[in-house]
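Participant: My request is simple: use the sequences and hints to build the entire structure.
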Amino acid sequence: MTTIEERPVATETEAPARAPLDAAAIRADFPILDQSVNGHRLVYLDSAATSQKPRAVIDALDAYYRQDNANVHRGIYALSERATAGYEGARVKVAKLLNVNDPHEIIWTRNATESINLVAYSWGRKHISRGDVIVLTEMEHHANLVPWQLLAQEKDADLEFIPITDDGVLRQDVFDVLLRLKPKLVAFTHVSNTLGTINPVEDMTRRAHEAGALVLIDGAQAVPHLPVDVQAIGADFYAFSGHKALGPTGSGVLWARRELLEAMPPFMGGGDMIREVHLRRSDWNDIPWKFEAGTPDIAAQIGLGVAADYLRDLGMDRLRDHERDLVGYALDVLPREVPGIDLYGPMDPEIRGGVVPFNIPGVHPHDAAQVLDRFGVAVRAGHHCTMPLHERLDLGATARASFQCYTTRDDIDALANGLKEVQRLFGV
Amino acid sequence: MTTIEERPVATETEAPARAPLDAAAIRADFPILDQSVNGHRLVYLDSAATSQKPRAVIDALDAYYRQDNANVHRGIYALSERATAGYEGARVKVAKLLNVNDPHEIIWTRNATESINLVAYSWGRKHISRGDVIVLTEMEHHANLVPWQLLAQEKDADLEFIPITDDGVLRQDVFDVLLRLKPKLVAFTHVSNTLGTINPVEDMTRRAHEAGALVLIDGAQAVPHLPVDVQAIGADFYAFSGHKALGPTGSGVLWARRELLEAMPPFMGGGDMIREVHLRRSDWNDIPWKFEAGTPDIAAQIGLGVAADYLRDLGMDRLRDHERDLVGYALDVLPREVPGIDLYGPMDPEIRGGVVPFNIPGVHPHDAAQVLDRFGVAVRAGHHCTMPLHERLDLGATARASFQCYTTRDDIDALANGLKEVQRLFGV
Amino acid sequence: MDDLYRDYILEHYRRPHNFGVLETPTATYEGSNPLCGDRITMQLDVEDGVVREVGFTGRGCAISQASASLLTDEIKGKPLADVSSFAATDVLDLLGIEISPARLKCAMLSFDALQHLLDELGAKPLANDPA
Amino acid sequence: MDDLYRDYILEHYRRPHNFGVLETPTATYEGSNPLCGDRITMQLDVEDGVVREVGFTGRGCAISQASASLLTDEIKGKPLADVSSFAATDVLDLLGIEISPARLKCAMLSFDALQHLLDELGAKPLANDPA
Ligand SMILES: Cc1ncc(COP(=O)(O)O)c(C=O)c1O
Ligand SMILES: Cc1ncc(COP(=O)(O)O)c(C=O)c1O
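Chains as they are written, first to last, in this note's numbering: chain R, 1 to 428; chain B, 1 to 428; chain G, 1 to 131; chain V, 1 to 131.
Just so you know, these hints were derived from the structure itself, not from any lab. Here the structure is a predicted model, which means the values were calculated and not measured. Some clues are possibly wrong.
Quick list of in silico lysine-lysine cross-link-like pairs, BS3-like style, CA-CA up to 30 Å [to be verified]:
1) B/K182 / B/K155
2) R/K126 / R/K155
3) R/K155 / B/K126
4) R/K155 / R/K184
5) R/K182 / R/K155
6) R/K155 / B/K184
7) R/K126 / B/K126
8) B/K184 / B/K155
9) R/K184 / B/K126
10) B/K155 / R/K126
Simulated DEER-style distance windows between Cβ atoms [to be verified]:
11) R/Q172 / B/H127: 37 to 47 Å
12) R/D34 / B/Q231: 43 to 53 Å
13) B/K182 / R/R206: 49 to 59 Å
Using N, Cα and C, we set each Cβ at its ideal position, and we do this for glycine too.
Facilitator: Structure follows, in structure tokens:
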């Protein structure tokens, strides 16, 4: 067992006028951006699917495997002590990013999907029974929908959904009605991965709590893009993916309040999550390790710690400013430069993260993405793991551009130019 | 969706006299070994916990993040196509290592622990009911024990255990008796991580099948150390950890027969494991993706593919020869050089993998490991995630040295010399 | 780009052949590629073992629409036996363009629907999923 | 190495003080550190609020045995009130050696048992797990 160093996280007082991000300097930190694709500069506009990684993260992985690699927690030798210090130290860094006081509340997972499944299996199977209500929203990613379907099916529980308006905002009035059903759990996304909508998570959490529900927030599109203070939000569970937050693939996080985690049964069984094992019964380890069965993805979580520091150094407020600016620019430029383009989601950059879904009438988004690729522009096309949302908006599919700290207005110009070529080719 | 290239795997006919591994040349492939610890050459003898990684694997991770990083399967642009090709191509490489014909039968997991939990949750919860018998062994790693305890508890099923002899060999006569209980599942380790015992998996699988049971084999200590041909073994499920097989942390594999996988319900819910999602119901994707919810650890599995090729290039037969030689050498040298040392497990290198557990009477294994560390020698001390086995052998804990392709006789000499220092210091 | 979006592909996309609903279909199948939201409904009108009429409706990308257009042209008027021997690679030949793995499902959507129809008509067992 | 395995540590390990079972214990607690297979049973004999006798048995590494030996020496004869104010860091001071994170549980095994005993005796609430 290892102690996790706990330090109170100082809340930084931000200077009133924030210097904007220096995107050009930042781009130099991301080696992958320095390449050409099909003869054009790579314009990576798929950060909502996964982010690129700064050199500091890539170097940390390299250094780990060249110097420190060993299994954690159980080794009394230099490498294992270094690996353990790195692995547990990363937890402290991520705790700081989320303004979590107790790093033991940070559970390492592979991704947001596993974080949510962990809650559905461990908390859900214990607390949800026949007829219980779970409230979700129409804009959920499949990761925050399918686990609850599986649970509801097993337990014969009911799923209810907060609908959206046509421009992709949650119907808070309907939410109030659904709360009268006394749901056991309300689970919703902090930021929509498809429409960019930033939901009023503090307010929704408060109301859900008043109605007696626990609250799970899917922060996959929030943690990488705006300041997230889980204490201020006040939710019970908060999940995100490290690989979308400049960290390595295989890194992810579930945060939950200590009392909840301690009362929850384990999810997976195996090494490191146990205290004592006998042939027919076992006792569990303390949190967070109770939920981390087997050899974890040590390198990935260490890399996520480095990514968390990188994000904090950038300043999440400044990153948010940067993306707000980009969204405003995109919502302004695209309709002007690409006549006829359909845009979806809230048009107010104040309640919108760096996600811009669109369609060119007469051109399937697959074809648009394919043609854009010939100009080095990488966007996603499809349903972005939100099929019910697409059904609701009566869309077969959409194309989506999404941003990160390394995205620039030039990238959006390149997108606009590429879309003009799409229109030219398809004669629309 | 992506096609996985399927090629029949040519079974190589091995030349009768095999050239031994050139351990010195191999060591040069592992950058981490070129360091000193506490003023001594690093002698890494904890490969059973996790292996070190060859440069080719480390470089593959680096190249992935510097050139190709993107989410897989859903991107119609160059990076995503490269990432997908790497990710699915790694499946083909691992299929070859295991002599699996259909790469769709290779499910990516984080580690052997997750592989086994996947079977317990998905297959187990569907097929195990009250009073059903699952047969395990007394030498199982907690990863192949605790998931079945959790399942048995939920379903009120019975666990039975094949006992071991005092030198750590399974009692096959008792296994025959247990098979008369008509177990639904027999799950056992291929090679013991604590004693090194190589179990007769083909024979045990055949007998279990004759008794009508399915067979799960925990190959965590086999795949990295000896030729594993899952077709020849004939089991139903085979699990291993990539990070113990020269691959990155976060890489792991479950192999199972296609019919079984297709009939199994999903484990975790989320993106990529679905075909269609509606608000209240969903359909599942084809295998293997049905079991790979959310963004996978793309980089780690690509790295595991490179590791699989590295192992095949070495030749698993030659690696086995190498470790057999090391075990024979250790079992010969240690009792001579370290008088009084207690050794455990089968003394016949023919049925023993590269794992040597020991105790110095009068010295706790923690202290032995700590003192060895001062001489740069890294061994593990504790229960090695086999508490019931330690109870059975009436041992509080053991120290354990374990080998890989880069281990040499010099390393074992360094261990012997270190242990002499331990004895001197403790006056035993 | 020019490799994929050749003029005849775009032409089939804009004005697909055999697009529409049959009056007296012998068999109807609706297939989808949920990953991209593409859907196709394909219908066959079979008489005396010969495909008299074929029609499809649905939405999809240029690749899936062009391949449905080309494929339906190809099978119209043919005996079921001939249609049954049609293989996935034949569809790729019909398309005549290089299809990347990411787009294979698009190209195969109509072929996949055809396999289901043939299966329903007892013309042959389901071929293995090509992608 | 010399830092950790000082002579007095090894001496306490070989011949621990207060090793044994009490005849009339007021409270008994068995603690374990399953990760290394260490176990300790600690007993207190308390009269008029004073620790008259203390004893421990069990198996463990040099660090855990020496720390139990030093800790039991320290508390014997002391009023419960004083013993209650004993903190984890005081144990580290008693040991007088640098303990790495990996060995902290070893060093704290006896202290942990003592906390449970004090809790049982109502002397004070359980301190937070130090490791
Ligand atoms: C035999 C055996 N099974 C399972 C495991 C679990 O492996 P992992 O921790 O990678 O899941 C191990 C490794 O410790 C092992 O040795
Ligand atoms: C809002 C949201 N939730 C959950 C997920 C799932 O993330 P992952 O695939 O990393 O588990 C995503 C990413 O696709 C997302 O955007």
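Participant: Would you list, in rising numerical order, the hints stated earlier that this structure does not obey?
Facilitator: Every hint satisfied by this model.
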